[in-house]
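**Student:** Protein chains in written order, with our numbering: chain A, 1 to 184; chain B, 185 to 345.
Among the hints, erroneous ones may be present.
Claimed, not checked - Okay, the calculated beta carbon distance ranges per label pair:
#1 A/A178 to B/S344: 33 to 43 Å
#2 B/S344 to A/L82: 24 to 34 Å
#3 B/Y283 to A/P130: 50 to 60 Å
#4 A/W175 to B/D188: 50 to 60 Å
#5 A/S124 to B/R321: 27 to 37 Å
These aren't lab readings, by the way, just hints derived from the structure by calculation. Values in this document were obtained by computation on a predicted structure and should not be read as measured data. The beta-carbon is built from N, C-alpha and C at its ideal position, and this holds for glycine as well.
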Amino acid sequence: MEGLLEWLGSTAWSVALLESFWVWPLLESTHVLTIALFVGIVAMNDLRLVGWAMRNVPVSQVTGRLLPWARVGFVLMVITGLLIFYSNPVRYYHNIFFRVKMVLLVFAGLNAFVFHRKIHRRVSEWDQDPVLPREARIAGAVSLVVWAFIVIAGRLIAYNWFDCDIQPQPGWLNWASACPTMAN
Amino acid sequence: MAPDGWLPFFERLEGTAFGTAIRESLWAFPIIESIHLLGLCLLGGALLVVDLRLLGLGLTRQPIEGLIRSARPWLFAAIALMLATGIPMFLSEAVKCFYNTSFWVKMIALPIALCFTLAIRRRMAGGAGRETSLGTRICGLASIALWFTVAAAGRWIGYSG
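Make a model of the complete structure from these sequences and hints.
**Tutor:** Structure (structure tokens):
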């Protein structure tokens, strides 16, 4: 893994990205703005599920007509995110906030999967209800909380407090960041 | 971008105990900044629910008026959260902001965007029912363009010197 990432980071495009005066900031700005688009729309959907917003709008309208717009943000967010990772793969791989973010992304994905595959299937039974069944409310609340922490963890990746080259760090942190053991 | 005469005022703001405490703390700025970003997401959602509708997209079966009313508490919450976190960040680095072109672009775009959303968009859309017109489309597009400028300039404060 380490060798693969080191090779990736040494490719000409990766070096050019990291050192570019304009492209890198433009990438990151696009990443942030598309997060506002994606997480914003997902959050409005979640607030409907929890029962805190648009209670008079049928759930199927929100999931069927509003939520698809989040996909636009999602595609751009993932592309820019991957390019940012590509610009400095070894550093991100060992960054504890990046690792936390990736784990949380898996959680968010699983929650969305369960919601769409299981809970949303019976939407016709409670489509117009201002207060939704417990499982729909839980899925909305989980999404809100997990995405909030994804945004926070993502923003904190920029800080190098816990990076492997900053030592000493607690043993568990070096373990969680998979820091090379020579750093201890 | 701003008159030189304003500089002492910005220096005094940066020298306040509040601004100094944030600047000297390792964690305060990053945490405030993260919450500012959460506010941005919420703001994006609360704006887009209405703006997409004005463009004839998204929740088109709902009356515009009703959507504006539904999104309003979240819009206000987002604006409050952004101000409550944005002002402390500004105080911690007021002098840097004074010399920062992106900061001034944001400070010009922000009141325009706020006035547009709270006065014009509300009124223009208030008369319209379920139907989308050229007027509502222009309104939705203007809202997205204005807030995009605010957000993009805001992110760029961190890059430009």
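**Student:** Could you run down the list of hints and mark each one as holding or not?
**Tutor:** Structure-based check of all given hints:
1. Range check, A/A178 to B/S344: Cβ separation about 35 Å, and the 33 to 43 Å hint holds.
2. Between B/S344 and A/L82 the beta carbon distance is about 26 Å. The supplied range of 24 to 34 Å therefore holds.
3. For B/Y283 paired with A/P130, a C-beta distance near 51 Å keeps the hint of 50 to 60 Å intact.
4. Range check, A/W175 to B/D188: Cβ separation about 53 Å, and the 50 to 60 Å hint holds.
5. Look at A/S124 against B/R321: about 32 Å separates their beta carbons, and that is inside 27 to 37 Å.
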